[in-house]
Every structure is written in structure tokens, then in C-alpha cells.
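Below are the chains, spelled out letter by letter.
2 protein chains.
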Amino acid sequence: MSPNRQLRLAARPEGEVKASDFELVDMKTPEPDENEFVVEITHISIDPAMRGWMSAARSYIPPVEVGEVMRAFTVGRVVESRNPEFAVGDFVHGIFGVQEHAVSDGTDVYKVDIAAGRSPASYLGILGLTGLTAYFGLLDVGRVQAGDTVLISGAAGAVGTAVGQIAKIKGARAVDIAGGHEKCRMLVDDLGFDAALDYRGDDLRGKLREHTPDYVDVFFDNVGGGILNEGLVRLARGARVVICGAVSQYSQVGDFVGPSNYLALLISRASMTGFIAFDYADRYPEALTELSSWLAAGELCSVDDTVPGDIEMLPEMLARLFAGQNTGKLVLELGP
Amino acid sequence: MSPNRQLRLAARPEGEVKASDFELVDMKTPEPDENEFVVEITHISIDPAMRGWMSAARSYIPPVEVGEVMRAFTVGRVVESRNPEFAVGDFVHGIFGVQEHAVSDGTDVYKVDIAAGRSPASYLGILGLTGLTAYFGLLDVGRVQAGDTVLISGAAGAVGTAVGQIAKIKGARAVDIAGGHEKCRMLVDDLGFDAALDYRGDDLRGKLREHTPDYVDVFFDNVGGGILNEGLVRLARGARVVICGAVSQYSQVGDFVGPSNYLALLISRASMTGFIAFDYADRYPEALTELSSWLAAGELCSVDDTVPGDIEMLPEMLARLFAGQNTGKLVLELGP
Numbered sequence: 000m001s002p003n004r005q006l007r008l009a010a011r012p013e014g015e016v017k018a019s020d021f022e023l024v025d026m027k028t029p030e031p032d033e034n035e036f037v038v039e040i041t042h043i044s045i046d047p048a049m050r051g052w053m054s055a056a057r058s059y060i061p062p063v064e065v066g067e068v069m070r071a072f073t074v075g076r077v078v079e080s081r082n083p084e085f086a087v088g089d090f091v092h093g094i095f096g097v098q099e100h101a102v103s104d105g106t107d108v109y110k111v112d113i114a115a116g117r118s119p120a121s122y123l124g125i126l127g128l129t130g131l132t133a134y135f136g137l138l139d140v141g142r143v144q145a146g147d148t149v150l151i152s153g154a155a156g157a158v159g160t161a162v163g164q165i166a167k168i169k170g171a172r173a174v175d176i177a178g179g180h181e182k183c184r185m186l187v188d189d190l191g192f193d194a195a196l197d198y199r200g201d202d203l204r205g206k207l208r209e210h211t212p213d214y215v216d217v218f219f220d221n222v223g224g225g226i227l228n229e230g231l232v233r234l235a236r237g238a239r240v241v242i243c244g245a246v247s248q249y250s251q252v253g254d255f256v257g258p259s260n261y262l263a264l265l266i267s268r269a270s271m272t273g274f275i276a277f278d279y280a281d282r283y284p285e286a287l288t289e290l291s292s293w294l295a296a297g298e299l300c301s302v303d304d305t306v307p308g309d310i311e312m313l314p315e316m317l318a319r320l321f322a323g324q325n326t327g328k329l330v331l332e333l334g335p
Numbered sequence: 000m001s002p003n004r005q006l007r008l009a010a011r012p013e014g015e016v017k018a019s020d021f022e023l024v025d026m027k028t029p030e031p032d033e034n035e036f037v038v039e040i041t042h043i044s045i046d047p048a049m050r051g052w053m054s055a056a057r058s059y060i061p062p063v064e065v066g067e068v069m070r071a072f073t074v075g076r077v078v079e080s081r082n083p084e085f086a087v088g089d090f091v092h093g094i095f096g097v098q099e100h101a102v103s104d105g106t107d108v109y110k111v112d113i114a115a116g117r118s119p120a121s122y123l124g125i126l127g128l129t130g131l132t133a134y135f136g137l138l139d140v141g142r143v144q145a146g147d148t149v150l151i152s153g154a155a156g157a158v159g160t161a162v163g164q165i166a167k168i169k170g171a172r173a174v175d176i177a178g179g180h181e182k183c184r185m186l187v188d189d190l191g192f193d194a195a196l197d198y199r200g201d202d203l204r205g206k207l208r209e210h211t212p213d214y215v216d217v218f219f220d221n222v223g224g225g226i227l228n229e230g231l232v233r234l235a236r237g238a239r240v241v242i243c244g245a246v247s248q249y250s251q252v253g254d255f256v257g258p259s260n261y262l263a264l265l266i267s268r269a270s271m272t273g274f275i276a277f278d279y280a281d282r283y284p285e286a287l288t289e290l291s292s293w294l295a296a297g298e299l300c301s302v303d304d305t306v307p308g309d310i311e312m313l314p315e316m317l318a319r320l321f322a323g324q325n326t327g328k329l330v331l332e333l334g335p
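Chains as they are written, first to last, in numbering that gives the first Met the number 0: chain A, 0 to 335; chain B, 0 to 335.
By construction, these hints were calculated from the structure, which means they are not laboratory data. Treat the hints with caution; some may be incorrect.
[Unchecked claim] Far from chain B, by Cβ distances over 12 Å, these chain A residues were calculated:
id, residue
1, Y59
2, R81
3, G170
4, A194
5, G224
6, G253
7, G257
8, R268
9, T272
10, A318
[Stated by the list, open to error] List of simulated lysine to aspartate or glutamate pairs, DMTMM-like, C-alpha gap at most 25 Å:
id, chain 1, residue 1, chain 2, residue 2
11, A, K206, B, D254
12, B, K167, B, D193
13, B, K110, B, E79
14, B, K17, B, E229
15, B, K167, B, D188
16, B, K206, A, D139
Where is the CB? At the ideal position from N, CA and C, for every residue including glycine.
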């Protein structure tokens with residue numbers, strides 16, 4: 000049995016996640032039974048949703064229990080196998096958690112095709128739940144149409160960069176809100192979005208007014224708080240507000256900040272809808288086919304922010320994520 | 000020319016409406032031109048929307064300008080006519096404003112059928128914009144189904160009493176939030192709703208939990224603020240939150256209270272949608288036919304709260320409305 004270090008939830012965080020909310024334990028990797036295989040985890044997806052999974056509040060999936068391995072989307076390599084479907088050397092992705100190895104019988108595990116010139120990280124990003132979230136959120140919930148103005152908050156993040164690119168593919172204008180000059184420059188210069196507004200600067204309301212002269216048809220909100228509230232002011236009649244997350248709020252102690260401008264929904268006959276990409280699981284193949292074809296055609300790129308390190312770095316990776324220090328998909332790459 | 004007293008907007012209110020926000024002026028009723036007629040106004044509808052019309056903020060219709068007659072839905076009697084479609088003695092309804100007489104060419108004016116045993120006030124209530132708001136809000140925006148649990152805030156108000164009755168007609172459970180024991184008793188005993196929860200009592204959250212064991216499929220919110228926020232906690236998966244108004248917030252100085260629990264929309268894959276009954280104008284005839292047939296069958300009743308008085312009473316009528324002192328449709332009946 001090979002060693003296996005795991006990061007387990009030690010305490011439910013109050014406010015920001017601290018290192019002491021986790022416990023590092025040294026385990027052994029069990030021998031695989033018949034039909035099982037062992038995965039050496041190479042990439043761990045760092046997601047805003049992790050903060051919610053650590054909380055006991057009612058949510059769309061059960062919380063991680065104290066004492067359990069922290070939940071995470073991961074990519075890894077099969078290093079031992081008694082399952083004829085998975086051979087040693089195969090790259091796979093699944094929800095293996097924050098640990099170095101995992102044993103699986105293949106349930107909810109999928110092979111990844113590195114040979115096609117895609118990075119392992121892209122299977123956590125644009126070809127993973129990130130890309131699927133952007134795809135179904137913008138197309139099904141947001142019902143984007145050519146000519147629409149799409150406003151995206153957290154636009155330089157993993158989902159945001161995917162949403163903006165898909166909006167452009169669909170013939171919409173992409174107006175972004177992001178934090179900092181360099182991110183805004185990247186969104187316009189490198190990804191070709193129509194405008195990027197720095198929420199850290201002055202007068203976000205004035206900038207929004209200037210860059211959404213025809214108002215906003217789809218507002219894809221990853222951030223919540225004051226940014227959600229400002230975006231609501233600019234809704235076009237019949238607008239769709241897509242609630243994907245609230246990265247500004249997850250580490251809040253006490254109540255979240257609610258959008259005081261929510262009556263814009265009434266004035267604009269608009270809707271605000273929450274969604275979970277998991278609900279579209281039966282349509283993942285269709286979405287992945289389309290996302291892959293856009294990638295192959297060079298219309299879409301995977302914006303990855305891969306950090307080499309060790310599972311112990313999870314708390315600081317989460318801190319980096321919630322401080323908005325990542326650009327694109329934040330992935331922890333476990334080194335040898 | 001007969002005298003005509005008018006209540007004109009004198010100032011845009013800050014917070015609660017005051018008597019000094021209006022000016023009473025003595026005018027003469029102009030002689031009707033060819034094709035015009037004169038209406039003696041008998042009933043003035045007192046609506047929460049009036050507070051919004053007095054404000055200069057961007058909304059779904061232009062504000063009432065300072066110096067203009069205050070906008071109001073009204074019923075009146077034709078007292079002089081040079082229009083062959085409208086005879087002296089006809090009862091009509093239209094947006095004639097807060098004044099004693101109006102001259103009209105018949106545009107957007109409709110006859111009311113008092114002979115059928117309906118009160119003039121019912122044309123401002125269940126057969127007016129109130130009933131239409133309840134009808135389209137619950138059926139089109141809320142998409143209520145038999146077996147659904149419908150939560151209604153401001154349930155003892157004009158729209159609320161109509162929504163609850165239509166919900167029952169459609170085979171749904173009606174769970175109401177209202178202020179005070181007597182209103183709650185009326186909603187259950189007289190209107191047959193399934194439960195009525197007094198928000199003025201303790202532990203609204205606990206009462207909601209008790210009375211919505213299968214959660215809430217449609218939340219029809221007239222109130223906003225803390226009540227909207229508590230209702231969000233109880234959303235069923237795929238729930239529809241219908242934003243009809245925010246009577247608790249209109250008189251607020253400064254920002255409204257936003258719903259801090261709005262991420263329930265994400266957890267429950269729910270939507271929150273605003274609407275304006277005016278948008279359904281081409282379907283008013285269909286709705287009025289159905290509402291009338293329910294009335295005739297005794298399945299639906301018009302809950303009227305008619306107060307005799309004078310146009311000068313508008314400010315106190317609005318105060319009564321925003322304090323939740325009315326039960327059903329508040330109408331000012333102008334007496335001789």
C-alpha cells in the first residue's frame with residue numbers, strides 16, 4: 000500500500016477559510032478490489048463552490064462532513080488497475096477530493112483525451128464543470144441571442160472568461176466587470192470582449208451607463224453584493240439575470256448583502272434565475288461536443304491559471320480565489 | 000361649466016406621502032367638444048403603485064409631473080355627452096385621476112356593467128387592474144399548477160385576496176402572510192385559504208416551516224423587505240417567485256432592503272420575475288371573461304374596502320394602505 004496524504008475538513012469555517020479548518024492526515028492507499036483502480040491525482044480544481052460545500056447550510060448537495068476528505072474536482076493518472084475499462088497510464092477526471100491518491104470503480108469517472116493537445120487542466124476548466132456552467136447558464140438560463148448585450152461579473156474568472164467567449168461566439172456584445180487594470184486589459188485585448196470595467200475604479204455606475212447604451216439583456220452574475228446591485232440598474236426590458244454564484248459573499252460572516260435594486264426586475268419585466276450545472280448532466284455530451292468544436296476551431300480558448308504545489312496549499316489557493324487574484328481557471332497541479 | 004376640484008402633485012415625496020405633497024385646486028370642467036363626454040368620478044382606486052408614480056425614478060410608465068393631476072384608476076358616471084358611444088347615465092372606468100370630473104373622448108375608457116349585480120368598486124378591484132394583476136401574475140408568471148403550494152405576502156390586500164382565491168380555484172394550497180389576527184382569521188374562515196401567518200407575531204420562519212412542509216412552488220410577493228427574505232428560505236426546487244410589488248419599501252427613505260437570502264434562487268434552481276399587468280393588455284378580454292365567470296359561479300368574490308369621502312382624503316388613504324389597514328381593495332367613494 001502506497002502512502003496517501005489527504006486534506007480533511009476539520010472545522011466549518013466562520014468567514015474566510017483558515018488553514019486550521021483542514022487537517023492533513025497520512026493514510027495508505029487501499030489495494031484496489033476486483034474492478035477497481037488507483038488514481039494518482041495530478042490536478043485539483045479550485046472552485047468558489049468549495050466554500051459552500053464546507054458549510055452546513057441547506058444547499059444543492061450535502062455538505063462535506065467534518066472528518067471527510069475535502070470534496071474537489073480532480074484530474075489524475077491511473078497507476079494501478081483491476082478494471083478492464085481503465086488502463087494504467089489513462090488520464091481520468093472525477094470528484095476524487097483533495098488527496099494524493101484515490102481508489103475508484105469507475106462510477107462518475109471519465110477519461111480525458113490529452114492526446115488531442117488539450118491540457119489536463121482544461122478538463123477542470125473549459126471542458127469541465129466550469130465550461131458546462133458557462134454553457135448552460137448563458138444559453139439555457141440566459142437564453143442569449145445574437146445582438147444581445149451580455150454583462151458578466153467576475154469576468155476574468157474561470158466561468159466568466161468562458162461566458163464572455165461563448166457570448167461572442169453567439170454574436171452578442173460582452174461587457175465585463177473585473178477587478179484591476181491588467182485583468183480588464185486581458186479581457187479586451189486577449190479575449191476580444193467589447194468592454195471591461197474595473198470595479199475597483201471610480202464610478203462603476205457611470206461606466207456601466209456608458210458601455211451599455213442599449214441596456215443589458217443578459218446579466219451573468221458570479222459575484223453578488225454591490226456589483227449585482229449595480230448591474231440590476233441597467234436591465235433591458237425582459238432581461239435575464241443568471242445567478243451563477245456570489246463570490247463576494249461566501250466568506251461573509253452573517254447575512255449576505257441582498258440586492259436592494261431588485262425591483263428593477265419589476266420595472267424591466269426581468270427575471271433572476273439560479274441554476275446548477277449538475278441538472279444538465281444528460282446534456283453534457285452535447286455541450287462538450289460543441290465546446291470541443293469551438294476549441295478545435297480556435298474560437299474558444301481555455302484560460303488556465305495553474306499553480307504547482309501540494310495539497311496543503313488548498314487554504315491559500317482558496318484565499319487567492321476569493322481575493323480575485325486568479326485569471327481564468329485556478330488549478331492546483333500536484334508536483335512529483 | 001361646472002366646478003371641478005382636482006388634487007395635483009405639488010412635490011415629490013421623501014419617504015411617506017404627506018398632505019403637502021398635493022395641492023387642491025378649484026377648476027371648471029371644460030365643455031365637451033364634439034365626440035367628447037363629461038364623467039363625474041364616483042370611485043377612486045387607492046393603489047400602492049401610486050407611490051411609485053409620484054417618484055421621478057425610471058419606471059414602467061412616466062412619473063406624474065409636479066403640477067399634474069394625480070394619476071388614479073377611477074369609475075364614474077357620464078353626466079354630459081356629445082359622443083354617441085357613451086350615453087348620460089353610463090358607468091365607465093378609466094384613468095381619470097384624482098379629481099371630481101373629467102372630459103374624455105372615450106380613449107381607454109370602458110363601460111362597466113352595474114346591472115349584472117356588480118359594484119362599481121369591483122371594476123377597480125377584481126374586474127380591474129387588481130384582478131388582472133393577480134390573474135396574469137399567478138397564472139402566467141407564477142405558472143401555478145394543481146397541487147402547488149402558493150405563498151402570498153400582503154395576502155389580505157387587494158391583489159393578495161385575489162391571488163389566493165385564484166390559487167384555490169386552480170387546485171393549489173394557499174398559504175398567506177398578513178398583518179394581524181383579524182386579517183388572518185378572515186383569510187382562513189371567510190376566503191377558505193389553507194393557512195394565514197401573522198407576520199406581526201413571533202417566529203415567522205418557524206410558522207412558514209410548519210405550514211409549508213413541501214416547500215413553496217409559487218411565492219407571490221407584494222411586500223418585499225424581511226417578508227420576501229423569509230419566503231425565499233422555503234422555496235421548492237424550480238419555484239417561481241413573482242415580484243408584484245414591495246409595499247413595505249415604497250415609503251423608504253434611501254435604499255430598499257434587498258433580499259439577503261437571494262442565493263436560495265441558486266440552491267433551489269428558482270426564478271424571481273417582475274411583471275406589469277399592462278403588458279397583457281391584449282389578453283384582458285380573456286382574463287375578464289374567466290374572472291367574471293368565477294364571480295358568477297360564486298367561486299371568486301370581490302373583497303372591497305370602500306371608504307366614503309372626498310378627494311382631499313387621498314394622503315390619508317395612502318397612509319392607511321401603506322400601514323396595511325385595508326382589507327381587500329381600498330377604494331375612495333366620492334360622496335355628494
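Quick rundown of the hints versus the structure:
1. Y59: Check fails; 5 Å does not lie beyond 12 Å.
2. R81: It holds; R81/A is separated from chain B by about 39 Å at its closest Cβ, greater than 12 Å.
3. G170: Correct as stated: the minimum Cβ-Cβ distance to chain B is 25 Å, above 12 Å.
4. A194: Nearest chain B Cβ is 22 Å from A194/A, so the label holds.
5. G224: 10 Å, violated
6. G253: With a cut-off of 12 Å, G253/A comes too close to chain B, as the shortest Cβ separation is near 9 Å.
7. G257: 3 Å, violated
8. R268: 6 Å, violated
9. T272: T272/A is in fact no farther than 12 Å from some Cβ atom of chain B, at 4 Å.
10. A318: For A318/A, whose nearest Cβ neighbour in chain B is about 21 Å away, the distance exceeds 12 Å, so it holds.
11. K206/A <-> D254/B: Holds: K206/A and D254/B sit about 21 Å apart, inside 25 Å.
12. K167/B <-> D193/B: Judged against 25 Å, a Cα distance of about 9 Å means the pair holds.
13. K110/B <-> E79/B: Given pair K110/B, E79/B holds - Cα atoms ~15 Å apart, limit 25 Å.
14. K17/B <-> E229/B: Violated - the C-alpha atoms of E229/B and K17/B are around 31 Å apart, more than 25 Å.
15. K167/B <-> D188/B: Given pair K167/B, D188/B holds - Cα atoms ~14 Å apart, limit 25 Å.
16. K206/B <-> D139/A: 36 Å, violated
The structure is inconsistent with the numbered hints 1, 5, 6, 7, 8, 9, 14, 16, although it conforms to all the rest.
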